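> Can you build the whole structure from these sequences, using the hints too?
Going line by line, the protein sequences match chains A and B. Our numbering puts the first residue of the first sequence at 1, with every later residue one more than the last. Our numbering puts the first residue of the second sequence at 327, with every later residue one more than the last.
Hints may be right or wrong, so weigh each one.
Partial selection, computed: residues in chain B whose CB lies under 10 Å from chain A [claimed, not checked]:
id, residue
1, Ser518
2, Glu529
3, Asp544
4, His548
5, Glu559
6, Asn584
7, Arg587
8, Glu589
Read the hints as simulated data drawn from the structure, not as lab findings. None of these values were measured; they are calculated from a predicted model. No residue lacks a Cβ here, since even glycine has one placed at the ideal position from N, Cα and C.
2 protein chains.
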Amino acid sequence: MIKKLQNFCFRHKLFLPNQSLVVGFSGGPDSTALVLFLNHLKKSWKLKIFLLHINYGLRGKASLADEKFCFKMAKKLALPIKLVTYKSFSTGGSANLEERLRDFRYSELEKEREKRKADWIAVGHTLDDSAETFLFNLIRGAGLRGLVALRAKNGKIIRPLLGVRKKEILAFLKEKKQSFRLDKSNQSLKFSRNRIRLQLLPELEKKYNPQIKKRLVDLQEHLLDVEEWLERETKKLFLELVRKENWGWSMERKSYENLSRAERKSLFRLIMFNLQGNLKNISANAFWELEKMILSNKSKNQEIFLKKTRIYRQGEKIIFSIKEEE
Amino acid sequence: MIKKLQNFCFRHKLFLPNQSLVVGFSGGPDSTALVLFLNHLKKSWKLKIFLLHINYGLRGKASLADEKFCFKMAKKLALPIKLVTYKSFSTGGSANLEERLRDFRYSELEKEREKRKADWIAVGHTLDDSAETFLFNLIRGAGLRGLVALRAKNGKIIRPLLGVRKKEILAFLKEKKQSFRLDKSNQSLKFSRNRIRLQLLPELEKKYNPQIKKRLVDLQEHLLDVEEWLERETKKLFLELVRKENWGWSMERKSYENLSRAERKSLFRLIMFNLQGNLKNISANAFWELEKMILSNKSKNQEIFLKKTRIYRQGEKIIFSIKEEE
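What follows is the structure, given as structure tokens:
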């Protein structure tokens, strides 16, 4: 399996010799295997490895035992490890608990990476997680971008285990006589993600297609390729067609009309991203409103308001402007 | 609902006044509603409508009753109708029964369209069918192209009901006091498609997301946009990079290398389609073999055989050639 993991890291250019990594280490089988694997490469690849364990304090004694396990293993491997304790009041908002924990996890990993000036954040997602996330996002109703969320490399985050199955991980740990911790809350059906893992995916495998996980991951990879192509083309279109103005961006109605719908949609999102710095509150509906305004010949001077943005037509120009803070 | 259907046909430019349609009429609720709807437009749109009923003879007396129902309704509406009887030996091959029936159905509809010199084949798929087909193809393991299989307009086939839910169809029929036939075999869990409709989708709706059908259809529409964009871009690449030769097609290795993976994959499929007239036997694996051959620097003169096609490198050229029938 070490060989397979090395090939995967090589093929996806996940990291290079002499680089440094912050590893998210929960003590579960995946991150334990990840730590073992990276530690195995450490000498020959001259890697610098820092472990980060987060104690969410949500499972009382079990949480404390996870923490102890991680520190013990770090000591045995002589790897530096740091503890972060989650305080439930530290992030608020309306997101559900699962989302809040994930946001907290990635933000702590990123803080640590910056502090250590490390190259990458490594996390232990497997091929099973990838299939599961795909279904999860599909069922929630994600667009193309949402469906390809779990990438082998995404910004500073790398996922060296994404090419292997969970059962390979377990076999590897057994072979290495390496113990690990099991998070009981992963067995709870309270979270829909757990239900997808423990009920839906096994049911689909049993009743419909034993190869479903591999199929979903193949599809995801293909969609990722297509999405990257579309993103690249959209950037080109942006440079070609969209002009910077003092108060935002503008483009000719004619050039917008000549694009295919996929290009129009993608370009709209890129303009909004450049205008607002994010895509929050930009629903699919906003795009359809824009379409109606631009493609209709009846209404010459309509306008749309999206949060802090005003979009309107001025003769043959479309104007995307940000409202000034007053 | 008539208004909604008209809007849908108009928005997707499904057919024009004065055109003629062959309608697949099974007697079930969907095709019955479709016939009613088209007949309603007949006068004002000056449509020519021909009905085609296929008796598969698989359900004995029930099949015969379906046939009688269709002929009676055709007579009432004064629409011409034709009967085709399915003979199980008429199409062979290894495909399962469901696939064979579908192939038979579309080939008979196309024969009739040609004979009548009609513009379109209209079939009664609804939004529910669309969500179901999406999941069916997803679970089987389709690529992007496979996922967008059920289009409002695909070649000569149009689907005027694709924008409405099954329950709207049933309400419409009730309002019109129009009876219809129920195919009991649609209630059988023998076919995985039926299982998806009767078990999986209701379960996903209940346990995960009540809006799942709409979400899947939205996603499908978005993927269709992306797919259409991709097809158009690939055609551009083809015209730019691929040269016709006596024995097939050729392109420069350098130009292939400079493309993104999505472009390479899509261009490869288009070349194979132009060479063979179809994409049968072109697996994802064939693409990876091609990649290995072209992108590797070690092996200068490898070749790949795919059914009737030979692909090889000649210096800096890649040659796609069809083997002559001997």
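> Taking the numbered hints from earlier one at a time, note which ones the structure violates and give those numbers from smallest to largest.
6
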